[in-house]
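S.K.: So you can see what is in the structure, the chains are spelled out below.
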Amino acid sequence: MNPVISLKQASLKFGRRALWEDLNLDINPGEFFAVLGPNGSGKTSFLKVLLGLQELHSGHVSLGGHPVERGSRLIGYIPQQKPFLPDTPMRARDLVGLGVDGHRWGIRLGTAKANRRIDELLDLVGASDYAKVPVGQLSGGEQQRLRVAQALATDPKVLLCDEPLLSLDLHHQQAVSALINKQCHDRKSAVVFVTHEINPIIDYVDRILYLAGGRFSVGTPHEVMTTEVLSDLYDSNVEVIHANGRIVVVGLPDATTHHHDDAHAAAGEGS
Amino acid sequence: MDLDSLLQSVFNFENYGELLVLVQNSLWAGAVLGLLGGLVGTFVMKRDLAFAVHGISELSFAGAAFALLIGTDVVFGSLVGSVAAALLLGLMGVRARDKNSIIGVIMPFGLGLGILFLSLYEGRAANKFGLLTGQIVSVDTVQLQVLAGTAVAVMAALCVIWRPLSFASVDPELAEARGVPVRSLALVFMVLLGVSVALSIQIVGALLVLALLITPAAAALRVTSSPRLVVLLSVVFAVSATVGGILLALGGRIPISPYVTTLSFLIYVVCRVIGSVRARRGLNGRVMRTA
Chain A
1 MNPVISLKQA
11 SLKFGRRALW
21 EDLNLDINPG
31 EFFAVLGPNG
41 SGKTSFLKVL
51 LGLQELHSGH
61 VSLGGHPVER
71 GSRLIGYIPQ
81 QKPFLPDTPM
91 RARDLVGLGV
101 DGHRWGIRLG
111 TAKANRRIDE
121 LLDLVGASDY
131 AKVPVGQLSG
141 GEQQRLRVAQ
151 ALATDPKVLL
161 CDEPLLSLDL
171 HHQQAVSALI
181 NKQCHDRKSA
191 VVFVTHEINP
201 IIDYVDRILY
211 LAGGRFSVGT
221 PHEVMTTEVL
231 SDLYDSNVEV
241 IHANGRIVVV
251 GLPDATTHHH
261 DDAHAAAGEG
271 S
Chain B
272 MDLDSLLQSV
282 FNFENYGELL
292 VLVQNSLWAG
302 AVLGLLGGLV
312 GTFVMKRDLA
322 FAVHGISELS
332 FAGAAFALLI
342 GTDVVFGSLV
352 GSVAAALLLG
362 LMGVRARDKN
372 SIIGVIMPFG
382 LGLGILFLSL
392 YEGRAANKFG
402 LLTGQIVSVD
412 TVQLQVLAGT
422 AVAVMAALCV
432 IWRPLSFASV
442 DPELAEARGV
452 PVRSLALVFM
462 VLLGVSVALS
472 IQIVGALLVL
482 ALLITPAAAA
492 LRVTSSPRLV
502 VLLSVVFAVS
512 ATVGGILLAL
522 GGRIPISPYV
532 TTLSFLIYVV
542 CRVIGSVRAR
552 RGLNGRVMRT
562 A
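Protein sequences, first through last, are from chains A and B.
Just so you know, the first sequence maps onto residues 1 to 271 in the working numbering.
Just so you know, the second sequence maps onto residues 272 to 562 in the working numbering.
Everything hinted at is true.
Across the chosen pairs, the derived CB separations fall in these ranges:
hint, chain 1, residue 1, chain 2, residue 2, range
1, A, Gly65, B, Leu500, 38 to 46 Å
2, A, Lys113, B, Ala427, 23 to 31 Å
3, B, Leu537, A, Lys113, 34 to 42 Å
4, A, Lys113, B, Asn555, 25 to 33 Å
5, B, Leu362, A, Lys82, 21 to 29 Å
6, A, Lys113, B, Ser547, 35 to 43 Å
7, A, Leu109, B, Leu290, 39 to 47 Å
8, A, Gly126, B, Gly383, 57 to 65 Å
9, A, Asp26, B, Gly546, 51 to 59 Å
Listed next, the in silico EDC-like pairs over lysine to aspartate or glutamate satisfying Cα-Cα at most 20 Å (straight line):
hint, chain 1, residue 1, chain 2, residue 2
10, A, Lys8, A, Glu21
11, A, Lys82, B, Glu447
12, A, Lys82, B, Asp319
13, A, Lys48, A, Asp22
14, A, Lys48, B, Glu444
15, A, Lys157, B, Glu447
16, A, Lys82, A, Glu163
17, A, Lys48, B, Glu447
No wet-lab data here; the hints were simulated from the structure.
Cβ atoms here follow ideal geometry from the backbone N, Cα and C, with glycine treated the same way.
Okay, chain B solo, but in the shape it has when bound (with noise of 0.2 Å):
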């Protein structure tokens, strides 16, 4: 393949226009995905469970895998993975060491009964494959609807508990001599996440699910600590990400996911350089009184 044919396949505007009104779907299922993954992983950051994410998403596609393998619906089947991992390690992991081995060690297994299931799956191939790398292109309205439906909730139950949740993220020993019941909101968060794994899992594939619930939180906190400002720029780095990178594939040949992780990716450069160069000019919000 010489280089002209290779940026054919990964860029290509031809028929934009007509190719555009037949993925609205997977626009609206992007921006829906956006919005949540910016939102909850500003919570997966500051209660540092970037590699429980990656755990979880483990498990979730075990699940999707046995589901294509019986012939039920896939998403299901991820959502009961990643909810049944998200509660066991909200169950199990007290403390942050204990917590990373048993990430550790459900991390391979979910993998691997992942990959025994599919080999056992004598489907299409992309099913398959669509599980690893996200396969939003084949969006329909019903699911749309399901989707977007699924998000809502989890974001009406982020808000109701995102006061206390926030406090028992940052400063957990505080939190609990003010009576903030911080157990219960770490398993109900965890609930929370293994949902939105699930969700995500569908437009970018259990691989590349940090690049929609970590990057675009680490990214806006290399730049502000304010937690609204926080929350507000996590939310448009993520949508612009997934609907950037569903615009951006329409033409190619590729699936979607190496588009919204390499602009996820981009993204978080930008904001670490402008947060270094920041550190470095010593503008950290001081009011400097002269004597």
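For reference, chain A alone in the conformation it holds in the complex (with noise of 0.2 Å):
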């Protein structure tokens, strides 16, 4: 099986401050492969690496055995919440329809075969009963079941998302990521799940990428998430607990030393 995403010798710098380097990395069709690490550690800017919209230090990056360029066909994505201004004028069904054919060119004449495909997106997600309220007057939570019904549309090959669960209760957590876990082993999409917080899914990750410190560890979570090598990782004294079927990471350094870097990191990755 080809590797559908693939890194050699992948190195990431803002000015002189390594987010990671020599990263060799190889992400298979329907694998579900975890970027975690602490505020700042580069895991936005990676899913930034894969969607093209940031130059790599140095390395090759391939999506779908090409180059990657900005954008591609082949992605979902399903980017951090932003919540959508009140009187956007788009509708629930509106933004998922983007999802469908928005890069097409011309303007939609299959409408009935689009709209089919909308309604089949929209009750996946649990979502038809707002299909045609205004976005912007939807909940978090209901626009985020949007944005994976959006990034399903077209089957795609890879699934790229950035802290899909953020504001979302447990509830809601569970039924996002039960979904993004479905596509990516019935339906065989390259999974990458960006987040802060590994147990929501712990029990769908194949492998993980755990970024910190400008440095970085890849393994599936029995390798990775060990007292070891997460105090290797921080530097510090890091004790990593396994509790029913949780993982519960103790000491970590406190996020508020690590503010400056943040600030840097963030204006970083927001050019």
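Hints in hand, dock the two standalone chains.
M.R.: Here is the structure:
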């Protein structure tokens, strides 16, 4: 099986600060790949590299066998949640419709066919009841379900998710991650799932890329989420506790001590 | 002037039938521009470019005034001015805040240039005034054909980029991820917008272009969020305003633009009221299920 995403000796730097260096990585179809790490460690930048919106400092990255370009038809993307303005001129079904054929030229001619697909997707994520509500008037959880429907619309080979569970309650978290997992295993999409919290998806994850302090570790959750590996990455004593199929990391360096770094990274990532 | 003669100059429907024949070309021109304005306007709203339209029209005015001064075609002059302004904005203003300040800088400069050219011009005063307030009464058949041809070309181009442009306008981050050429589309749209502004200036003038390119689409958005309905209503509103405005203006002694802008404004007010009544009743299309 050919990998659908491939990074070779990839490095990413902002100024002199390296986010990660010499990363070699293949992600296969049907693989659920999680990217973890503290704020400012380069998780979102990793996605931007795959989206072609962020140039590597050195190395190569390919998607579907070709060098990464600015965006791709192969990609389904669930962005970090950013609520729509209340007067956005678009209903729920129109947002999903953009995922179905928004990238095509011309005007939509096969309306019936597109509508059928949109209804199918709305039904899949349980959004049929608010199909005709303007997106700006929907709750965060409802908007996020639509994002999932939109991302799945073209049955993408690669599904990139940037903190898709953020601001969702537990029930919605489970629903959304189950949908993404279904796409991954039933339709053999490669999923790259950026998150700072592994537990909601722990049952689905095949491999993890853990980014911290300019270094990284790749492997199964079993290999990466250990006291030794994380202590080494964070360069301090971190303890990883496995309990009831959940993973708790104790003693992470205080987030506030990284404040300057975070602000720097946010500025870098935003550009 | 007493009220009676004031009314006489605003509304006068004597010899209406004869006048109607004379302005047939103007009516067609109004209809074409309404159609164009209604279509382009929906994207202007989606892309939050209302202020940009104003800036472009000011530079278009400067271009037209310069053409008048040196004795070449005024329409061509205004076209050059507005396309140059549109491209400038498209290339420079990437971020919204940046864009607004650039427009704020360009606008008075364009208007100032226009006034300079007009004060140097020694021809008929009506020509000068027409650039600012519109002068559609005197459209001949050749002009109408050029106008219609250009408008059709703009609309055809708009149709070709319709879907990706919509995607890039309301959901740019996702559009970019899906490989939609967001930046090129923005530039192409700015050119189409520049041409539309230049054409619209002929009917309502540089100062009132917003009434054709913003108000109808803004009114439509008050009453519906369905993309198709927005386009349809926006076109209907714009055509009603232009054609209705010309019909009302026939007998009076004042220019057409106040009629067009007033109709356009009234349509907006009505839509706004309908929209707020609906919002108060909580009607937003959600299917309520009783548990």
